[in-house]
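Novice: Heads up: the sequence lines are chains A, B and C, in that order. Under the working numbering, the first residue of the first sequence carries the number 1, and numbering increases by one thereafter. Under the working numbering, the first residue of the second sequence carries the number 1, and numbering increases by one thereafter. Under the working numbering, the first residue of the third sequence carries the number 1, and numbering increases by one thereafter.
These aren't lab readings, by the way, just hints derived from the structure by calculation. Take these hints with a grain of salt, some might be off.
[To be verified] Within a straight-line C-alpha distance of at most 27 Å, the following computed DSS-like cross-link-like pairs (lysine-lysine) qualify:
#1 31/C <-> 17/B
#2 91/B <-> 175/B
#3 29/B <-> 63/B
#4 175/B <-> 29/B
#5 175/B <-> 208/C
#6 91/A <-> 131/A
#7 63/B <-> 91/B
#8 202/B <-> 63/B
#9 63/B <-> 208/C
#10 91/A <-> 199/A
#11 29/B <-> 17/B
#12 206/C <-> 63/B
#13 28/B <-> 17/B
#14 91/A <-> 73/A
#15 175/B <-> 202/B
#16 206/C <-> 17/B
#17 29/B <-> 206/C
#18 73/A <-> 199/A
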Amino acid sequence: MSDPILSIRDLTVEIPTRHGILRPVDSVSYDIAAGEILGVVGESGAGKSMAGNAVIGLLNPPAHIAQGEIRLKGQRIDQLTGNAMRRLRGKEIGMVFQDPLTSLNPLLQIGDQLTETMLAHLDISRDEAQKRAIAALEEVGIPGAADRVDSYPHEFSGGMRQRVVIALALCAEPSLIIADEPTTALDVSVQAQIIALLKRLCRDRGTAVMLITHDMGVIAETADRVAVMYAGKLAELGPVRDVLTEPRHPYTKGLMGSTPLASKGKARLHQIPGAMPQLDALPDGCAFHPRCPRAEGKCRANPAPTLAAHDNRAACWFPLDPKGGA
Amino acid sequence: MALVSVDRLTRVFDVSKPWLNRVVERRKKAFLTAVSDVSFEIEERRVYALVGESGSGKSTIGKMLVGLLNPSSGSVKIRDVDLARESDAKKIDDVRRDIQMIFQDPYASLNPRWRVRDIIVEPVAARGGDTEGMAERLLEQVGLSARDAGKFPHEFSGGQRQRICIARALASEPKLIVCDEPTSALDVSVQAQVLNLMSDLKDEFGLTYLFISHDLTVVQHMADTIGVLYLGRLVEEATPQELFDDPKHPYTQMLLDAAPQLDGFGREVTPPTGEIPDPINPPPGCAYHPRCPLAAPVCSRERPEMRPLRGARVACHMAE
Amino acid sequence: MVDTSPPQALKTEERSTFRVAMDSDFVYRFKNSPVAIVATAVVMLMVLCAVFAPLIAPHNPFDPSSLNLMNGFSAPMTPNAFTGDTFWLGTDDQGRDVFSTILYGMRISLFVGAAAVLFAMVLGVTLGLIAGYVGGWTETIIMRIADVQLTFPAILVAMLIFGVAKGITPVEYRDQMAIWVLIIAIGLSDWVQFARVVRGATLVEKNKEYVQAARLIGRGSGAIMLRHILPNVLSPVLVIATISLALAIIAEATLSFLGVGAPPTQPSLGTLIRIGQGFLFSGEWWILLFPAVTLLVLALSVNLLGDWLRDALNPRLR
Numbered sequence: 001m002s003d004p005i006l007s008i009r010d011l012t013v014e015i016p017t018r019h020g021i022l023r024p025v026d027s028v029s030y031d032i033a034a035g036e037i038l039g040v041v042g043e044s045g046a047g048k049s050m051a052g053n054a055v056i057g058l059l060n061p062p063a064h065i066a067q068g069e070i071r072l073k074g075q076r077i078d079q080l081t082g083n084a085m086r087r088l089r090g091k092e093i094g095m096v097f098q099d100p101l102t103s104l105n106p107l108l109q110i111g112d113q114l115t116e117t118m119l120a121h122l123d124i125s126r127d128e129a130q131k132r133a134i135a136a137l138e139e140v141g142i143p144g145a146a147d148r149v150d151s152y153p154h155e156f157s158g159g160m161r162q163r164v165v166i167a168l169a170l171c172a173e174p175s176l177i178i179a180d181e182p183t184t185a186l187d188v189s190v191q192a193q194i195i196a197l198l199k200r201l202c203r204d205r206g207t208a209v210m211l212i213t214h215d216m217g218v219i220a221e222t223a224d225r226v227a228v229m230y231a232g233k234l235a236e237l238g239p240v241r242d243v244l245t246e247p248r249h250p251y252t253k254g255l256m257g258s259t260p261l262a263s264k265g266k267a268r269l270h271q272i273p274g275a276m277p278q279l280d281a282l283p284d285g286c287a288f289h290p291r292c293p294r295a296e297g298k299c300r301a302n303p304a305p306t307l308a309a310h311d312n313r314a315a316c317w318f319p320l321d322p323k324g325g326a
Numbered sequence: 001m002a003l004v005s006v007d008r009l010t011r012v013f014d015v016s017k018p019w020l021n022r023v024v025e026r027r028k029k030a031f032l033t034a035v036s037d038v039s040f041e042i043e044e045r046r047v048y049a050l051v052g053e054s055g056s057g058k059s060t061i062g063k064m065l066v067g068l069l070n071p072s073s074g075s076v077k078i079r080d081v082d083l084a085r086e087s088d089a090k091k092i093d094d095v096r097r098d099i100q101m102i103f104q105d106p107y108a109s110l111n112p113r114w115r116v117r118d119i120i121v122e123p124v125a126a127r128g129g130d131t132e133g134m135a136e137r138l139l140e141q142v143g144l145s146a147r148d149a150g151k152f153p154h155e156f157s158g159g160q161r162q163r164i165c166i167a168r169a170l171a172s173e174p175k176l177i178v179c180d181e182p183t184s185a186l187d188v189s190v191q192a193q194v195l196n197l198m199s200d201l202k203d204e205f206g207l208t209y210l211f212i213s214h215d216l217t218v219v220q221h222m223a224d225t226i227g228v229l230y231l232g233r234l235v236e237e238a239t240p241q242e243l244f245d246d247p248k249h250p251y252t253q254m255l256l257d258a259a260p261q262l263d264g265f266g267r268e269v270t271p272p273t274g275e276i277p278d279p280i281n282p283p284p285g286c287a288y289h290p291r292c293p294l295a296a297p298v299c300s301r302e303r304p305e306m307r308p309l310r311g312a313r314v315a316c317h318m319a320e
Numbered sequence: 001m002v003d004t005s006p007p008q009a010l011k012t013e014e015r016s017t018f019r020v021a022m023d024s025d026f027v028y029r030f031k032n033s034p035v036a037i038v039a040t041a042v043v044m045l046m047v048l049c050a051v052f053a054p055l056i057a058p059h060n061p062f063d064p065s066s067l068n069l070m071n072g073f074s075a076p077m078t079p080n081a082f083t084g085d086t087f088w089l090g091t092d093d094q095g096r097d098v099f100s101t102i103l104y105g106m107r108i109s110l111f112v113g114a115a116a117v118l119f120a121m122v123l124g125v126t127l128g129l130i131a132g133y134v135g136g137w138t139e140t141i142i143m144r145i146a147d148v149q150l151t152f153p154a155i156l157v158a159m160l161i162f163g164v165a166k167g168i169t170p171v172e173y174r175d176q177m178a179i180w181v182l183i184i185a186i187g188l189s190d191w192v193q194f195a196r197v198v199r200g201a202t203l204v205e206k207n208k209e210y211v212q213a214a215r216l217i218g219r220g221s222g223a224i225m226l227r228h229i230l231p232n233v234l235s236p237v238l239v240i241a242t243i244s245l246a247l248a249i250i251a252e253a254t255l256s257f258l259g260v261g262a263p264p265t266q267p268s269l270g271t272l273i274r275i276g277q278g279f280l281f282s283g284e285w286w287i288l289l290f291p292a293v294t295l296l297v298l299a300l301s302v303n304l305l306g307d308w309l310r311d312a313l314n315p316r317l318r
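Start from the sequences and build out the full structure, keeping to the hints where you can.
Specialist: Here's what the structure looks like:
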């Protein structure tokens, strides 16, 4: 593999509270290569968004990076502060959030928002930026882009707004896009449009993408590799086809099984008993063991093994055998 | 006889600006037709599912069914009683007792200041019934513990709260439960638990569900009959088997194509074109015609009626 | 229901409301805020002093038989030239112990303030709930009245009501009625903010699904407003009530200072300040200073408590 765009090693985020220190992200390592889409899946509270926020330096205090390092194109970025981080965020990392309104300034015309972003990060003239803004809007499929650059965010529908956000995220030609549940608030038909758009743009430009979502279907259709998170830890990491069709971690298997899609024609859905533990009440040993059908003494006594970034393996003492199915 | 029969149900909302703004800005009153001419029936002990995207009117239909909203025209009859027109208070109360609802947001549907016990028995307590031990019994039935009765809602997770909502819905021993997106706020593994619980309870208590959802996969799993809504109109009605194997309305076909699939690795979807039109000014004729690949001139003139087609009902001029 | 396994067993048994409250984040934040603790302590101390004034005060300043005119104008902590009596905070022109008058004055001030806020709260919360829940014309009428009232300064509204009330009460009852008129005047000038906040919160709550669930089973509007919505809109009311208490105490002092409030026979802190300012330039500064400082400390403590409450109960600042 060529040098990755984003490389996270042993990342740990801690939140000190009066009940003790919580670790919403615990020793997570993964890479994203140029042009690659890494899907990060997990249930709510698994730490998938928190890991993304750590990368862009948007952790809400008192949450902070306690350990590990984050490198963007080889340069360490987890220790950057204030202005340096802000510059980097605009130039090298684009962001697409669930609610497009949080990324757009409601008082500025979208054309101005695009040109301002480009002028701040690219060495081009105002006229050039103007032209590129229109081109960017055309590229994300906004009809009549030349006329609509003067519109305000509220004049667009939800799907169109998310397109504008994508145009905004891509206009400074970043090397990494972090998309946090970009289609969760959208209808199925619009979701398909946005996913297709994101895929096409990133492939054309060789942008690395961290796609954070809870939707296994979206991951299957979009991602190249997938990282499954559970209770702050990486449970499984690998190529999307391998992980989804031959999961090695019992949690991934359970998660796949409990989607109604996977239980076509069955009277009952497969279910994992219980619920993901709260961060302040993590069980000893492997966090998944109380819900795990394969748990043994070792799982109760020892934390699950930590995954290294390139491992195509599960963080489990007794992983499922992909060949035999176990 | 069907337990629920919905006949030409229509609901119009007045979305005009305040009077003063209308006068100053010289605007007319604006009306939004959320539900337009929808008819269907639900047999006893069946699950009827309504699917549609946002603005399709599915929740509005649910609210009219349980009597939270009155229809603008058309009727909802439950055991032959029309809640909006019936004058006999005794009959209304009898029917009301038979209907319950489970809501989407488990964080908003439980009063945060009440103990779980009081929340669960409220449907019975409100009618002065005997509630001794009832909350504890119901909690165990939905997979929680009797000890949970004395706690407050904030001590529970989303999935557990939804179980409490189900327990409350069961308290008055209803026949029909309207489930408005009951699992869309839940994680997949918790969703599976709640859906299984709902199936079990249905068999155990002989319940009838109206299941409202935007998620085709959930609907496919739960429903006996599926009604697909688009812009407040019913466009297709079929069994899950029929609908997924042989979708007849072009909108249903588009929905099925667009939905992400678990084995769709690297699938290149041709994304659907266009967006849902503004419901204040819906297109004339068939509401789907501006986005429809099959559209013919007749589609923009005449609104298609529901007609039977190969074991399903479909509202489309062109479907064959 | 074989494999519908119950969610994880929960750790705790049913806890009493008191235990739940003591374990809450609210109590935790209180324990970690020196300002809140000091402000609460000061307010509590002053309330206790006011309540037990007859037991604490060295004299009853309004019992003529206990007064000695010879003690007039004693300076603080200095023996009186004629009688040799010493008074902590000095005496006024009629020989009344300033410390005692302050204790009794605080009694009146706190009582009027608290009663006025209670009155404003009941009125405002009721009207706000009805406006928010019922909507339509009822809401328009209530909120327009509130808007109109907001265009006048509260103190003017209070003076107007006070003047009207004074005009219609017979002379012989005027002094007795003055306190109650004061309460109603201040309360009526203060209900608007309660109504506005409660209406806003009600609009949010009434669209929540638990209210729909209650409507569904046929609960009436009254029961829904009282049992479901009211408990959920009370936190902002508590904040406003505390801040209003400080304002009401000051409003009462202002009215009394202007001579339209508490009568000299039942002086409040404001009345004392009015009496005291007459002696400031003749050198008897203590008659003015001590009641003024008391009023300042009281209003400041209540206000700080209110500010802290607002922060502690505001979910967005957590």
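Novice: Now tell me, hint by hint, if it's right for this structure.
Specialist: So, going through the hints one by one against the coordinates:
| no. | hint | in the structure |
| --- | --- | --- |
| 1 | 31/C <-> 17/B | violated, 49 Å |
| 2 | 91/B <-> 175/B | holds, 15 Å |
| 3 | 29/B <-> 63/B | holds, 24 Å |
| 4 | 175/B <-> 29/B | violated, 40 Å |
| 5 | 175/B <-> 208/C | holds, 25 Å |
| 6 | 91/A <-> 131/A | holds, 19 Å |
| 7 | 63/B <-> 91/B | holds, 19 Å |
| 8 | 202/B <-> 63/B | holds, 21 Å |
| 9 | 63/B <-> 208/C | holds, 14 Å |
| 10 | 91/A <-> 199/A | holds, 20 Å |
| 11 | 29/B <-> 17/B | holds, 7 Å |
| 12 | 206/C <-> 63/B | holds, 15 Å |
| 13 | 28/B <-> 17/B | holds, 9 Å |
| 14 | 91/A <-> 73/A | holds, 13 Å |
| 15 | 175/B <-> 202/B | holds, 10 Å |
| 16 | 206/C <-> 17/B | holds, 21 Å |
| 17 | 29/B <-> 206/C | holds, 26 Å |
| 18 | 73/A <-> 199/A | holds, 21 Å |
Hint compliance for this structure: hints 1, 4 are not met, and every other hint is.
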